[in-house]
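*Asks:* The primary structure of each chain is shown beneath.
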Amino acid sequence: MSVIRINLLPDEIKAERSKSSKSSLVSRLSILIIIVIVLVTFAVITISAISTVNLNQKKAKLKEAMDNVSLLNETEGLVVILKDRIKDINGILSSEALDGEMFLAVSDKLPPLVRLNTFTSDIKGTVNLTGETTDTQSLDDFLNSLLGVEVGLKKVEGGTFNSIAQNTNGVIKFDLSLKLSK
Amino acid sequence: VSVATNMNKKALIKLKPILDNPKFKLVALPGVVGLVVILLVAFVIVPQILNITKINQQMSETDTKSNFFESKITLLQSINSSEYQSDFKTSLVALPGDYEIPDSIGELLSILNSAQFKLESISLSGLAGSADKSVPSYKIRVDISGEGNNLKQFISLMKKTPRLMKISSLSVNYLRNSKDIVASVDVDVYYKALPGSIGDINQKISSLTESDKETLKLIKNNLQTIPIPQEGASSAFGHKQDPFK
Numbered sequence: 012m013s014v015i016r017i018n019l020l021p022d023e024i025k026a027e028r029s030k031s032s033k034s035s036l037v038s039r040l041s042i043l044i045i046i047v048i049v050l051v052t053f054a055v056i057t058i059s060a061i062s063t064v065n066l067n068q069k070k071a072k073l074k075e076a077m078d079n080v081s082l083l084n085e086t087e088g089l090v091v092i093l094k095d096r097i098k099d100i101n102g103i104l105s106s107e108a109l110d111g112e113m114f115l116a117v118s119d120k121l122p123p124l125v126r127l128n129t130f131t132s133d134i135k136g137t138v139n140l141t142g143e144t145t146d147t148q149s150l151d152d153f154l155n156s157l158l159g160v161e162v163g164l165k166k167v168e169g170g171t172f173n174s175i176a177q178n179t180n181g182v183i184k185f186d187l188s189l190k191l192s193k
Numbered sequence: 058v059s060v061a062t063n064m065n066k067k068a069l070i071k072l073k074p075i076l077d078n079p080k081f082k083l084v085a086l087p088g089v090v091g092l093v094v095i096l097l098v099a100f101v102i103v104p105q106i107l108n109i110t111k112i113n114q115q116m117s118e119t120d121t122k123s124n125f126f127e128s129k130i131t132l133l134q135s136i137n138s139s140e141y142q143s144d145f146k147t148s149l150v151a152l153p154g155d156y157e158i159p160d161s162i163g164e165l166l167s168i169l170n171s172a173q174f175k176l177e178s179i180s181l182s183g184l185a186g187s188a189d190k191s192v193p194s195y196k197i198r199v200d201i202s203g204e205g206n207n208l209k210q211f212i213s214l215m216k217k218t219p220r221l222m223k224i225s226s227l228s229v230n231y232l233r234n235s236k237d238i239v240a241s242v243d244v245d246v247y248y249k250a251l252p253g254s255i256g257d258i259n260q261k262i263s264s265l266t267e268s269d270k271e272t273l274k275l276i277k278n279n280l281q282t283i284p285i286p287q288e289g290a291s292s293a294f295g296h297k298q299d300p301f302k
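Same order as they appear, the protein sequences are chains A and B.
The opening position of the first sequence corresponds to residue 12 in my numbering, with each subsequent residue numbered one higher.
The opening position of the second sequence corresponds to residue 58 in my numbering, with each subsequent residue numbered one higher.
It is worth saying that the hints were derived from the structure and are not from the lab.
Since the model is a prediction, treat every value here as computed from it, not as a measurement.
Any given hint might turn out to be false.
[Claimed, not checked] Okay, the calculated beta carbon distance ranges per label pair:
id: 1; chain 1: A; residue 1: Arg16; chain 2: B; residue 2: Ala61; range: 50 to 60 Å
id: 2; chain 1: B; residue 1: Lys73; chain 2: A; residue 2: Ile17; range: 18 to 28 Å
id: 3; chain 1: B; residue 1: Lys261; chain 2: A; residue 2: Asn101; range: 17 to 27 Å
id: 4; chain 1: B; residue 1: Lys80; chain 2: A; residue 2: Arg16; range: 52 to 62 Å
[To be verified] Covered stretches of chain A, going by a simulated chain B footprint (3 or more residues, C-beta under 8 Å):
id: 5; region: 49 to 56
id: 6; region: 60 to 68
id: 7; region: 127 to 140
id: 8; region: 160 to 168
[Unchecked claim] With a straight-line Cα cutoff of 30 Å, these simulated DSSO-like cross-link-like pairs (lysine-lysine) come out:
id: 9; chain 1: B; residue 1: Lys196; chain 2: A; residue 2: Lys98
id: 10; chain 1: B; residue 1: Lys196; chain 2: A; residue 2: Lys72
id: 11; chain 1: A; residue 1: Lys33; chain 2: B; residue 2: Lys82
id: 12; chain 1: B; residue 1: Lys261; chain 2: A; residue 2: Lys98
id: 13; chain 1: B; residue 1: Lys270; chain 2: A; residue 2: Lys165
id: 14; chain 1: B; residue 1: Lys175; chain 2: A; residue 2: Lys120
Every residue, glycine too, gets a C-beta built ideally from N, C-alpha and C.
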């Protein structure tokens, strides 16, 4: 059954009531907003305070850990210096001792009929050989056998005769420079 | 006091029409609320939110550092100090903290003796060191004589020296109608001063790797092959007491 409502109030009172209800609504909304913002403020301040406390706890823990590391600084020093020294040792061990290697390579390839008079080599990879032979083929074989020989990380790329001479006895004297790859 | 009270009353009388105005009543409370909201947001909420962000960042950094130090402590506590000290002594054999000239010369003479070479002369150079080298070295030049075939043995033994020494230059003269040679050998001898400080607490450390252990093992093996002559002990020099003879 439908209800019929009849407002018999005068128009002036109606307008006043309308204004009053609007004012009341605004007031309520304002109060609601102020409550919400105050709550948010408190929440933010509380979170900030808790975070500060947590941070201080973590800082204390960090300081404790740092103090513990400091107590072990003798061991740390030992480890650091030892590692550093081994790194240096490995660096030197991995670098080449070219001269010794080169001498061994030349000695291995030297044919019986070729005799060395001098062998000179330095760290820059300069290798110079002087010697003598009575057999040109042996000298040729010697040079060919040296080509491509690997000496450490380098390789014999070629050889240059600085001088080659034969005396009346048939002895061939040579001065040979070997070129190593860079 | 009475004058001031009168002035307040007058001001209230003047303001009364404004305060009674319904429009004013409608906007007064929202206005005050708005002002309070702006002030709270500007001076409390935003600064606090920024502060929380900063604190969170600091907490994250602190956590990272704490974890780093914790792992460092665990590693350091797991290290056997006596074993590392022994390894450190071994490393000092290969790379001493100072020139240690008597040791290096003694070792070199021991090798020459093993290879049956006669020492003709010996000289040192480069003791001033070089600033551009991470590992400084000095040079020992030895002029030697002996059988040519023994040079190979000398070179092989030079590779097994416990002390880090490397041939940097080799000059060999083969004597005519003889198996003997006269050679001049430059040997670089390495050393490195111990650091004055171990560096920063924040530096990373790691225990010895297998490769590091291999290097130490190599030095120990070399030490057994060519022992470093002790001061006053002649046994390491073999039968030849005076290498110049």
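*Asks:* Hint compliance check: list the failing hint numbers for this structure, sorted ascending.
*Replies:* The structure conflicts with hints 2, 4, 8 and 10, although it agrees with all the remaining ones.
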